[in-house]
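The whole structure should be built from the sequences, with the hints applied where relevant.
Protein chains in written order, with my numbering: chain A, 1 to 435; chain B, 436 to 870; chain C, 871 to 1305; chain D, 1306 to 1416; chain E, 1417 to 1527; chain F, 1528 to 1638.
Treat the hints loosely; a few may be bogus.
[Unchecked claim] Cβ-Cβ distance ranges computed for the label pairs, FRET-style:
id: 1; chain 1: C; residue 1: Val-1143; chain 2: F; residue 2: Gly-1611; range: 56 to 62 Å
id: 2; chain 1: C; residue 1: Val-1143; chain 2: B; residue 2: Glu-543; range: 45 to 51 Å
id: 3; chain 1: F; residue 1: Phe-1548; chain 2: D; residue 2: Trp-1406; range: 37 to 43 Å
id: 4; chain 1: A; residue 1: Gly-304; chain 2: B; residue 2: Phe-588; range: 58 to 64 Å
id: 5; chain 1: A; residue 1: Glu-96; chain 2: B; residue 2: Glu-711; range: 40 to 46 Å
[Claimed, not checked] Only pairs whose alpha carbons sit at most 20 Å apart, straight line, appear in this in silico SDA-like list of lysine to any residue:
id: 6; chain 1: B; residue 1: Lys-712; chain 2: A; residue 2: Ala-145
id: 7; chain 1: A; residue 1: Lys-277; chain 2: C; residue 2: His-1279
id: 8; chain 1: C; residue 1: Lys-1073; chain 2: D; residue 2: Glu-1398
id: 9; chain 1: C; residue 1: Lys-1073; chain 2: C; residue 2: Gly-1229
id: 10; chain 1: D; residue 1: Lys-1307; chain 2: F; residue 2: Glu-1620
id: 11; chain 1: F; residue 1: Lys-1529; chain 2: F; residue 2: Arg-1553
id: 12; chain 1: B; residue 1: Lys-638; chain 2: D; residue 2: Arg-1410
id: 13; chain 1: E; residue 1: Lys-1418; chain 2: F; residue 2: Arg-1632
id: 14; chain 1: B; residue 1: Lys-712; chain 2: B; residue 2: Ala-647
id: 15; chain 1: D; residue 1: Lys-1307; chain 2: D; residue 2: His-1332
id: 16; chain 1: C; residue 1: Lys-1073; chain 2: E; residue 2: Gln-1434
id: 17; chain 1: F; residue 1: Lys-1529; chain 2: F; residue 2: Ile-1552
id: 18; chain 1: D; residue 1: Lys-1307; chain 2: E; residue 2: Ala-1525
id: 19; chain 1: B; residue 1: Lys-638; chain 2: B; residue 2: Arg-849
id: 20; chain 1: C; residue 1: Lys-1147; chain 2: B; residue 2: Thr-846
id: 21; chain 1: E; residue 1: Lys-1418; chain 2: D; residue 2: Leu-1374
id: 22; chain 1: A; residue 1: Lys-277; chain 2: C; residue 2: Thr-1281
id: 23; chain 1: A; residue 1: Lys-277; chain 2: A; residue 2: Phe-319
id: 24; chain 1: D; residue 1: Lys-1307; chain 2: D; residue 2: Glu-1398
id: 25; chain 1: F; residue 1: Lys-1529; chain 2: D; residue 2: Arg-1410
id: 26; chain 1: B; residue 1: Lys-712; chain 2: A; residue 2: Phe-319
id: 27; chain 1: E; residue 1: Lys-1418; chain 2: D; residue 2: Thr-1341
id: 28; chain 1: C; residue 1: Lys-1147; chain 2: B; residue 2: Ala-580
id: 29; chain 1: C; residue 1: Lys-1147; chain 2: B; residue 2: Asp-854
id: 30; chain 1: C; residue 1: Lys-1073; chain 2: C; residue 2: Glu-1282
id: 31; chain 1: C; residue 1: Lys-1147; chain 2: B; residue 2: Leu-838
Source of the hints: derived by calculation from the structure; they are not laboratory data. Being a predicted model, the structure only gives us computed values, none of them experimental. Ideal Cβ placement from N, Cα and C applies to all residues, glycine included.
So you can see what is in the structure, the chains are spelled out below.
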Amino acid sequence: MGISDLEATLLATAPAVVQDAPAFDALSTLWILIAAILVFFMQAGFSVLEAGLVRTKNAGNVLMKNLLDFSSATLGYFVFGYAIMYGSEGLFFGTEGWFLAGIESPVEGLPVEVFWLFQAMFAGAAATIVAGAVAERMKFTSYLAYSFVLSAFIYPIVGHWVWGGGWLAGLGFHDFAGSTVVHALGGVTGLVAAWVLGPRFGKFNADGSPNAIGGHSLPLASLGVFILWFGWYGFNAGSTLGMGEPDVVARVAINTTLAPSIGAVTAMITSWVRYEKPDLLLALNGALAGLVGITAPCAAVSPGAALWIGAIAGVLCVFGIAWIDAIRVDDPVGAVAVHGICGVWGTLAVGLWGREELGATSDGLFMGGGFGALGIQTLGVIACVGFTAIAMWIVFTAIDSVLGLRVSHETELRGLDIDEHGIESYGGFQIFTTD
Amino acid sequence: MGISDLEATLLATAPAVVQDAPAFDALSTLWILIAAILVFFMQAGFSVLEAGLVRTKNAGNVLMKNLLDFSSATLGYFVFGYAIMYGSEGLFFGTEGWFLAGIESPVEGLPVEVFWLFQAMFAGAAATIVAGAVAERMKFTSYLAYSFVLSAFIYPIVGHWVWGGGWLAGLGFHDFAGSTVVHALGGVTGLVAAWVLGPRFGKFNADGSPNAIGGHSLPLASLGVFILWFGWYGFNAGSTLGMGEPDVVARVAINTTLAPSIGAVTAMITSWVRYEKPDLLLALNGALAGLVGITAPCAAVSPGAALWIGAIAGVLCVFGIAWIDAIRVDDPVGAVAVHGICGVWGTLAVGLWGREELGATSDGLFMGGGFGALGIQTLGVIACVGFTAIAMWIVFTAIDSVLGLRVSHETELRGLDIDEHGIESYGGFQIFTTD
Amino acid sequence: MGISDLEATLLATAPAVVQDAPAFDALSTLWILIAAILVFFMQAGFSVLEAGLVRTKNAGNVLMKNLLDFSSATLGYFVFGYAIMYGSEGLFFGTEGWFLAGIESPVEGLPVEVFWLFQAMFAGAAATIVAGAVAERMKFTSYLAYSFVLSAFIYPIVGHWVWGGGWLAGLGFHDFAGSTVVHALGGVTGLVAAWVLGPRFGKFNADGSPNAIGGHSLPLASLGVFILWFGWYGFNAGSTLGMGEPDVVARVAINTTLAPSIGAVTAMITSWVRYEKPDLLLALNGALAGLVGITAPCAAVSPGAALWIGAIAGVLCVFGIAWIDAIRVDDPVGAVAVHGICGVWGTLAVGLWGREELGATSDGLFMGGGFGALGIQTLGVIACVGFTAIAMWIVFTAIDSVLGLRVSHETELRGLDIDEHGIESYGGFQIFTTD
Amino acid sequence: MKMIIAVIKPEQLPAVKQALFDAEIRHMTATSVLGTAPRTEQHMYRGVKKEVSLLKRVRLEVAVNDANLERAIEAISRGCMESGGAGKIFVTELHDVVTVWTGERGSRALY
Amino acid sequence: MKMIIAVIKPEQLPAVKQALFDAEIRHMTATSVLGTAPRTEQHMYRGVKKEVSLLKRVRLEVAVNDANLERAIEAISRGCMESGGAGKIFVTELHDVVTVWTGERGSRALY
Amino acid sequence: MKMIIAVIKPEQLPAVKQALFDAEIRHMTATSVLGTAPRTEQHMYRGVKKEVSLLKRVRLEVAVNDANLERAIEAISRGCMESGGAGKIFVTELHDVVTVWTGERGSRALY
Ligand SMILES: Nc1ncnc2c1ncn2[C@@H]1O[C@H](COP(=O)(O)OP(=O)(O)O)[C@@H](O)[C@H]1O
Ligand SMILES: Nc1ncnc2c1ncn2[C@@H]1O[C@H](COP(=O)(O)OP(=O)(O)O)[C@@H](O)[C@H]1O
Ligand SMILES: Nc1ncnc2c1ncn2[C@@H]1O[C@H](COP(=O)(O)OP(=O)(O)O)[C@@H](O)[C@H]1O
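Put into C-alpha cells, the structure is as follows:
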C-alpha cells in the first residue's frame, strides 16, 4: 500500500488540514532526517580520507579544517545561505528567510527544519571537498574565511539556480542530487584554490615532472571512502525529499550501488594497465568517481545506464588525476579529478541516458531524445562551473592579499600541525617528518 | 500519535488481532529502533576518541574497557536496571520487570523490547563516559565492577527520578534527552573516580602545575567525535520516543546541529585567544560540549537559543578543562568538563530559554517565565549530581578496599596493555613507550 | 496528524489502488533500504577489522581485497546471482531475472531494487569473510577470481535452497538471517582456502606448534567490530523484510544486542581462565561470535534463549580459534572459528530454543518440541556446509592450477603491499616490516 | 672523547635521564630499538604464545669527554639500578666533534 | 672488542638473526632505519612515479670480542647471502662494555 | 676510515642530503631519533604547556675514508647552515668495512 497514492488522497483532503497547522508527513520527515544524518556522516568520511592522504605532519591541520568548515558552513547556511537558496523565487537568488525566520519548507509535508538540515549538510559537503585540494600548504585562517564565503554565498547562489527555482531550473536543467551543484562546484573551487596556491614544496621537478608525495595511512583513507559511500545513500536517495514514491527511492539506491562498484573496478583495471599494478588509492577514487558520476542521473536512468556512467567515471578519474598533474596543479587527494571532472561527467550523462518517464526533463541522446537534454545539461554545467570559478578566483585572490593564502616555507617543511596548531598528530610514534 | 490512530482503524478491520496483541505503531517503532542503533554507534565513537587521547601503551586497555562496560551495561540493565528505572511508578525506584518479564513499554505503540533497547544504549553511554577520565591507571577488574554497578543500579535510580515517573518528574524537572541523567551523571562519576584514583605519574609537578601527557592519535580522536555527533542525532531526536510529532523531531535535529557547530567555533576561538593557537582537541571538545549542552533543552528551545547554549558550552568546556587541572584532578580526555560541567549547563539552560509552548514545563527566565523553571532545574541538577557523587564515592572506595582501584607504578610505566592484557596495540611500529 | 489521516483514507481506498500499479509499502521499503545501508557499512567494518589484524606490510592488500570483493560481488549478484537465488522457484536454483530484468520482488510491497540491494549486501558480506582467512599470502588476482565465483554462483545456490524457495525451505529449515547461508558458508570457504593455501611463513614450528603473528592495530580492529555490530542490526532486524510486524523487529533487535554482549563477556572470561589475562581480541571475537550465533535464531527465540546462545558462542569461538591452530590451519583473523563454527552453532540453536509461536517451523528441543527441528537444522547445515566445502575446494584448486593461489616467498616476506600493489600503508612511520 | 651507547628498557628512561641530569650531563640522543634478551618474554596473542625474541629497548647515545666518562657511566648505572637493574653500556672512541653553529671542534664542542 | 654495525634489508633479518644464533652470537640491537641504495627503487603512488632514494633498512649492532669478530662477520655475510646478498657491515673499536646488573666491565661483560 | 654521525633537525634533511650529494658522498643511513636541546620547546596540549625536552631529530651515519672526512664534514655543515644552523657532528674511528655482495673489505668496500 504505497504512500504515493496516499499523498494523492492527501492533496484532496489537504485544504481541510492546512488552515489550522501544516500537516506533516511523518514518514517522509523521518526519511529526510535519516538521510540528513547519513550525509552528515560523510563529513567524517571526508576528514579521515583527506587526513589519510596527507603526511603525518599535516594530518591534524586537515582534520581541523574539516571540523571547522562544516561548523561554519552550517552556521553560514543558517544565517544567510538558506535564504539565498530557497528563501524566495527569483532568477538568481532568494532574499527571504534569514535565520530561517518566517518561512515554510518548499516541500509539502516536511518541517522546514528538516528540509534545512538536509540542505545544510550539502553545503557542508561542498565546502569540505576543497580541504583536500589545498592540503599541506594553505593557511588555516584563510581556509576558514574561504569556507564561510563558499557555504554562505557562492554555493547557495548556484543552488538557487538549479534547485531553488532559479533560471536553470526554469530551463529544465536536471541535477537530481548535485553532481554539479555540490561536486563540480567543490571540485572547480579546489582547482582554482590549488592553482592560486601553487604546488607543495617538492611536488614538481624543474622540468615540470611530478613527484609523488605519499599519504600516511591507507587504512584511514579506505575507511573514509567506505564512510562516504555509506553516507552517499542519504545524499542521493534522500534527494527524493520524501517517501512518496518508494520505487524512485529504490531506483536511486540501486544505481548508487552499481555505479561506484563498477567505478572501483574500472579504475583498478585502468591503473593496472597504465601502471602495471592494481592501485588501491585509484580503486578507492574510482568508487568515489562512480558515486559522483551517478549523483545527477541517479533517479532518471536505469541500472544498466548506471553501470555505463560509473564505469566511465572510474576510467575518467584515473586519467583526470594524471591530467591535473600534467597541468602542474598540485591536488594532494585528487579532489579535482574525482569531484570536478566526474561531477561534470555525471551531469552530462543525464543528457545521454536520462529518461523522461523516470523523471528527466526529456529523453537523453542514447534514449532517442536527441541533443536537447544534452544541450541544456551542458549549458548548466558551463554556467555553474564558470560562475564558481570566477567568483572563487576573486575570493581567493582577495583573501590572499588580505590574509595571505599560503604558510611559510619553514612551516611547510616542519608541518602545519606544529606551526599552526602546536599539536602532534601521532604522539609516541617514531616518524620521519620530512619523508 | 501519528500512525497509532490508523492502526486503530486497521484493528477495526482485523478484530481478531485486537484482543490478544497490543497495537503497535510501526513508524514510531522503526524510528526508535533506528535511534537506538545510532546511539549504539556512539559506543564506537567513545572508544576511538578515548583510545586516541591516551598513549599507545594504554590504547588497548581503553578499547577493552569500552567494549566490556557496554556489554555488562546492557546485561545489567536487562536484569536489574530497566526494572528499577521503568518497572513501576514510585518516588524513588521501580520494582517490577526484572529480565523484562511481564511488562509493557510505557510508551503507547512501542514494543517494550525497542523501548528497552533505546534505554539500554543510554545506560551504556553513561557508563562509558567514565572510561576516559580514569584512563591509563585504573585496574581493569575494578573498572568492570564499577561499570556494572553504575549501569545496573545508580543510573537507573537517577533515571527513574527524571524519566521513570519519580519525584523529579513530578516536580516538572525537564531533561529531554539526558544532559543531567546521562552526561552530568557520567561526568561527576568520572570526577569522583579520577579524584579517588589520583593523577597519572608525571601529570602534576611538585608545585602542582600540570604537565601535558599527549594522546597518540588525533585522527582516531577526531573520527570519534564525528561518530559521537552522528549518533547524537539518535540520542536527542530519538528521545521524542516516536514520530507522532514530526515538527518536534525536526526542531530537536536542527538544534542538535547548530549547538555543536557553534560550540566547536567558540571553543576554538577561546583556545586561540588563551593559548595563541587554534587547538584541534579543544575544538573537538567544543563540539561535544555543544552536544551535551543542547541535550536537555533540545526540544524546548528555538534554534536561536540553541546557538546561545552551544556557544556558551564551547567556552565553558575550555575553561572547565583548565579548571579541572587547577584543582589537580587528572582527566586524560576532558570527560568531566565536557560531560559534567556542560551537562549541568545544558540542564540549567532549560530554565533560561525553555518555552512552555515547545514542551517545557514553564517558560524560562529569558522567555519571561521568571525564576520558577530555573529553580526546579537547579534543584534537579543538585539532587542528581549530589546523589551520584555520594553513591559513586562509596562504590569506588568500596572497590578500592576490596580489589584496589589502581595498577602498580611499574604497570603504569610499562603500560596497561602489556601488563593487564599482554597485548601490544601497535605491532611493528617503532614507538617511544614512555614518551 | 500527518500520515494518520492518510493511512485511514488508504484503508478505504486501498482496493481501488491495487489494480493499476503494484502498490508499494513505503514504510517497509524505507526500513529495508535503511537495513541494506547498514549492512553495506559492515563492509567498512570487515575491512578495518581485517586490516588491523594483519601486519603493516599487508594492510593495504587486505583493504584492496575488501573493496574489490564487494564491488565484484554486487556486479556478479546483479548479473547472475539474484536470478539464481530468487529468479524462479525450483528445488536447486532459479533461472530468471538476469540483470534484474522483468521480475518483481518476492516480498509484496517492496520494490525489487530494494529487495535486491538488501540481498546483494549479504552476498558481499559472505565473500568478504574469506579475505581475513587468506590474508597475508593469497594472490590478489586469484582472490578476485574466487570472490566473483562465490558471490555470483555458490552463495546464490545455497541461498536459493534456504531463502529462494529451494528444497531446504521446503523441509522447514529455519535460518532467519543467515548463520548458515552467509556466515557458515563464508567460514567454511575460509577454512578450505586457508587449508589449500597453507600457513604463512613462520606460523607453525617444525613440531607443529603455532606461533602468534600479531596484527598491527588494535584500534582499527576494535573499531571494525563496533561497525560490524552496528551494521548487524540491519542484517538481522532487516531480515524481517518489512515493518509489518513491529514486535518481531523489536525482538530481533534485542536479541541482536544481548547475544553479542554476553558473547564478549564469556569469551573474555574464557581467555582469562585459559591464558591468565583478559584478551581484547578474543573479547572482540566473542562479540562477533554472539552476533553470528544469534543470526539464525534471532526472530524465533526469546531474549533469555539469546543469552544462552550468545554465551555459548563466546566460549566456542575461543576454543574454536585454538582448535583451528591445532589442526595447523592458519587463519590470521579467526574467521573460521567466528563465522564458521559459530554460524553452525547458531543454526543448530534454532533446533534447541526455537519456538513455533515466534515463527520457527516447530518448537525446539528445549521448548519441548523434541528432536524434529534439531534434525532438520542439522541436515540443512550439513547440506550447505558440505556443498560449499566441496564446491569451493574445486574452485580453489582450479584457480591454483591456472593462476596460482599463493604469492612468492619473497613477496610474503617483503609484504603484499609493496610487491602486489607498489604501495606502503603507512608512509613516514618507522616500522619493523618483518617483525 | 668517548661516545657512550646505553641500551635500556623503555620504562628505565625517566630514571636514567634524571640521573644524567643530576650528573650535569644534559645532552643525549635517544632511539627506540629492538634488543635481544637473555630470556625471551612471552606475550599472548589471541591465546597463542608469542615468543618475543626482540624486545623494545631504548638506545641512548651520550658523547662525553674522557674526564666525564666514569661520571657518566656511574650516572647511567645508578639510573638503571633504580629502575630494575637491566641495561648494557658500550663505550666507543670519539675521534672528533663539531658544533655546526659555532664551528667549534674537538672536546670544546662538547660544552 | 669491536662493535659491528650491519645494515641489511628488512626481509634479510630472519636469515641474518638465524646465522648469528648458529654462530652462538645471541645478543644484538636492531633499529629500523632508512638507507641510501646504489639504484633507487621506484614505487607508484596514484600513478605517479615515486623515486624512493631512502629505502627501509634494518641496522644491527653486535658487540663482540676481537676473537669472535671474524666469526660474526662471516655469520652476518652468510645470512645476507642466503637472503639476496645485499648488506653492508661496519666495524668500530669498542673501548669498554658494562653490564649494569653485575657491574662487570670489559670483555667479560660480553658473556 | 671514519664513521660520521650527524644529528640534525628533520627539516634540515633535504638540505644536508643535497650537500652530501654535491660533495659526491652518496651513501648514508638515516634514523629518526629524539634529541635533547639547549632550550626546550614548548607545545600546547589542550591548553596545557607541554615541556618537550626530547625533540625529533634525524641521525645520519656516513662512513668515509680519511681522505674524504673533511669534505664530508664541510658538506654536512654547509647543509645545516643553509637550513637554520642547528646540528651536531660526531666522528668515530672505523676499523673495517665489508660489502657482503662482493666480499670486499676495508676502504675499498667504501667505493
Ligand atoms: N653483545 C651485544 N651487542 C649488541 N647489543 C647488545 C649486546 N648485548 C646486549 N645488547 C643490547 O643490550 C640490551 C640489554 O641487554 P641485557 O641487559 O643483557 O638484557 P636485559 O635488558 O633484558 O637485561 C639488549 O636487549 C640488547 O639490545
Ligand atoms: N658509506 C656509507 N655510510 C653509511 N651507511 C652506508 C654507507 N654505505 C652503505 N650504507 C648503508 O648500507 C645500506 C646497504 O648498502 P648497499 O648494500 O650498498 O645497498 P643495498 O642494500 O641496496 O645493496 C645502505 O642502504 C645504507 O643504509
Ligand atoms: N653530548 C651529546 N651526546 C649525544 N648527543 C648529543 C650531544 N650533544 C648533542 N647531541 C645531539 O645533537 C642534537 C643537536 O644538538 P644541538 O645542536 O646542541 O641542539 P639543536 O639541534 O637544538 O641546536 C641534540 O638534539 C642531540 O640529539
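Okay, the hints, checked on the actual structure:
no., hint, result
1, C:Val-1143 - F:Gly-1611: 56 to 62 Å, "58 Å, holds"
2, C:Val-1143 - B:Glu-543: 45 to 51 Å, "47 Å, holds"
3, F:Phe-1548 - D:Trp-1406: 37 to 43 Å, "23 Å, violated"
4, A:Gly-304 - B:Phe-588: 58 to 64 Å, "59 Å, holds"
5, A:Glu-96 - B:Glu-711: 40 to 46 Å, "42 Å, holds"
6, B:Lys-712 - A:Ala-145, "17 Å, holds"
7, A:Lys-277 - C:His-1279, "19 Å, holds"
8, C:Lys-1073 - D:Glu-1398, "43 Å, violated"
9, C:Lys-1073 - C:Gly-1229, "45 Å, violated"
10, D:Lys-1307 - F:Glu-1620, "11 Å, holds"
11, F:Lys-1529 - F:Arg-1553, "15 Å, holds"
12, B:Lys-638 - D:Arg-1410, "40 Å, violated"
13, E:Lys-1418 - F:Arg-1632, "16 Å, holds"
14, B:Lys-712 - B:Ala-647, "16 Å, holds"
15, D:Lys-1307 - D:His-1332, "13 Å, holds"
16, C:Lys-1073 - E:Gln-1434, "16 Å, holds"
17, F:Lys-1529 - F:Ile-1552, "13 Å, holds"
18, D:Lys-1307 - E:Ala-1525, "18 Å, holds"
19, B:Lys-638 - B:Arg-849, "16 Å, holds"
20, C:Lys-1147 - B:Thr-846, "14 Å, holds"
21, E:Lys-1418 - D:Leu-1374, "19 Å, holds"
22, A:Lys-277 - C:Thr-1281, "14 Å, holds"
23, A:Lys-277 - A:Phe-319, "15 Å, holds"
24, D:Lys-1307 - D:Glu-1398, "5 Å, holds"
25, F:Lys-1529 - D:Arg-1410, "16 Å, holds"
26, B:Lys-712 - A:Phe-319, "40 Å, violated"
27, E:Lys-1418 - D:Thr-1341, "18 Å, holds"
28, C:Lys-1147 - B:Ala-580, "17 Å, holds"
29, C:Lys-1147 - B:Asp-854, "9 Å, holds"
30, C:Lys-1073 - C:Glu-1282, "12 Å, holds"
31, C:Lys-1147 - B:Leu-838, "16 Å, holds"
Checked against the numbered hints above, the structure breaks hints 3, 8, 9, 12, 26 and satisfies the rest.
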